[in-house]
Amino acid sequence: MQLMELEAERASAGKSPVDTWRGVVAPIAGSTAAVSEDRWTLPTAKAIFEAFTAARASGGLARGELFDACSDVCTADDFDAAFERFRQLGMLIPFVSKKREDRYLFNPDSAAGIAIFERVSGEGGIDELLTLLDRTGGDIRRGTATVDQIRQALVRARGMLVIAADYLLMLVETRSLEIMIAERHRHRNASLFEDVDLLMQQVQAVYPELDSLAYAVTLEAQRYLGARNDFVERLLDDGARAEDFAVLHHEQYLTAAREASVRALARPLEHVVFDPRELSITPASIVAELEKAKPQEPEVPKPERPRDGRATADPVAAMLERESFRARYAAAEAEHLLASADEVDLTSALAEAGWPQAAVIVATLLRAALTSDAYELILGNGLRVDPSAKVTYLSPVRLRRTSPPPGSWAPDE
Amino acid sequence: MSEHTADSARFELAKLRALGVGRTSLPVGSAARRAGRTVVRAGSGSGALEILSWVEGLEPEAVSEHTPSAKSFETLVFTACLGACWQERGEHPWPGVPAPEDQVFRALIDERGITSVESYSGRIRRVLTSLRETAWLDGALDTVRLGPRVAAWTENDAAVLRTVYTKLPRCPRGTEASS
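Chains as they are written, first to last, in our numbering: chain A, 1 to 413; chain B, 414 to 592.
Rather than coming from a laboratory, the hints here were simulated on the basis of the structure.
No false leads were slipped in.
Once the Cα atoms are required to be at most 27 Å apart in a straight line, the calculated DSSO-like pairs of lysine-lysine come out as: (1) K484/B - K292/A; (2) K580/B - K292/A; (3) K390/A - K428/B; (4) K580/B - K484/B.
Bear in mind the structure is a predicted one, so any value in this text is a computation, not a measurement.
Okay, chain A solo, but in the shape it has when bound (with noise of 0.2 Å):
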């Protein structure tokens, strides 16, 4: 494929409504303009068609009214430009009172075209078939069809159902992954076949002699049915390959949240190692633990020095300042690679510092920012990954001083 017609498909994948309302208009369209490019045309007509069905005014609305209720949408020259279209397609029909003559009712026929356009840029025409069995299926059974009509209805909805089958056999065969992501909500009808198969019992019960219609078009169900699997098959493939989390809809994610089993939901996963559970249990926190304890026995002997003779003579006063020398080893630490500046960026400090001596870094500036409200470290959510560096992964990292350095001089002082 060339570079300007790959362009052309990327550029066409997030397909836009005009797209689609050119398809639905061509069978009758008199030039290939005869669809408008502005994506504000419709929002114009349809904030007409609103500014009348709010007024329920039997004697029309006055041009000054429609271009206050299009206000939001679009100009006074592209409102002008539009008025003038869709009075000239008999959307706006004139008041007939020549007391009235810029007065203007609503073409019924447009509201259907409204919602006709809207329905088909959400569904495309696959609902207009779905349109159509029901319908189909209402007037069997209210028995106001004849023979003839049902012999149409079908011969329609298996044509239909052909183009939809060749139409998603192409995407799957010739067209990029982004071309497919932006067809799928088209189709999603999920009750497709349960409907088909119900209409064409309708059929064989009231229309035996459309028996032989009737089974091609379940046929022509199933192949569609066919190609739409093959499609999801390639889109997910596909996808997943690209790790492309933009292919399920994000209702599907949410759905399968919901209701898959834990075991499928953690199949993607099944080759990522994770660090076992870990808790953390320190002398510390046991000595904390046990002095909540209510005193058990009030003579607490001497603690023994242990065989190898290396006992201090307060192990736990040893700890605790064996703690406050780290934490003011790391608020040294901390000052030395700020230099009086407030903040610093480390990251390249870091990666000229190697391994493991930047990991010992960091774990210092993490111990000084949990210590002291003095410092904040700021670990970015960014990953440089250079396999010849001396750090291979690194993370950008800044440290901040939040309060004045021990010392220093404020004016309130």
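Using the hints provided, position chain B relative to the given structure of chain A.
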């Protein structure tokens, strides 16, 4: 050390980290030190296990938000396990001696409002399971045995714990064997 051997040591180290507790098939000491870690060996012979610990001063429990601290009740149950298994104050707590699980249950009576084991037994059992999963305890159900993480405690840690040795929850005297 050749590049191949160094890679293998790093792989062994990564495997040990992913498993939590295990046995390495290569010398991994220097690879561990380069990562700020140490490998602690718990036990000897064919039953020995290894566990990753931290170079002193780089322990993440002081600085990491990713390692959850044990809740008060979990720590309390562990202190009862420590009280049941650590019988020689002058010795390092690990390996200690195995004790029936029942001793831990009865040692917790009268602690922090636990007035009957029955009402707390489900909760205590869940904590014991959790302690086994995280290698603070070892061994089969019904028996409490201190796990390899206790082996990673330094002599300084042991010295701190000796100061609270008599405060560890224990069964009332004379009832240890009733289980």
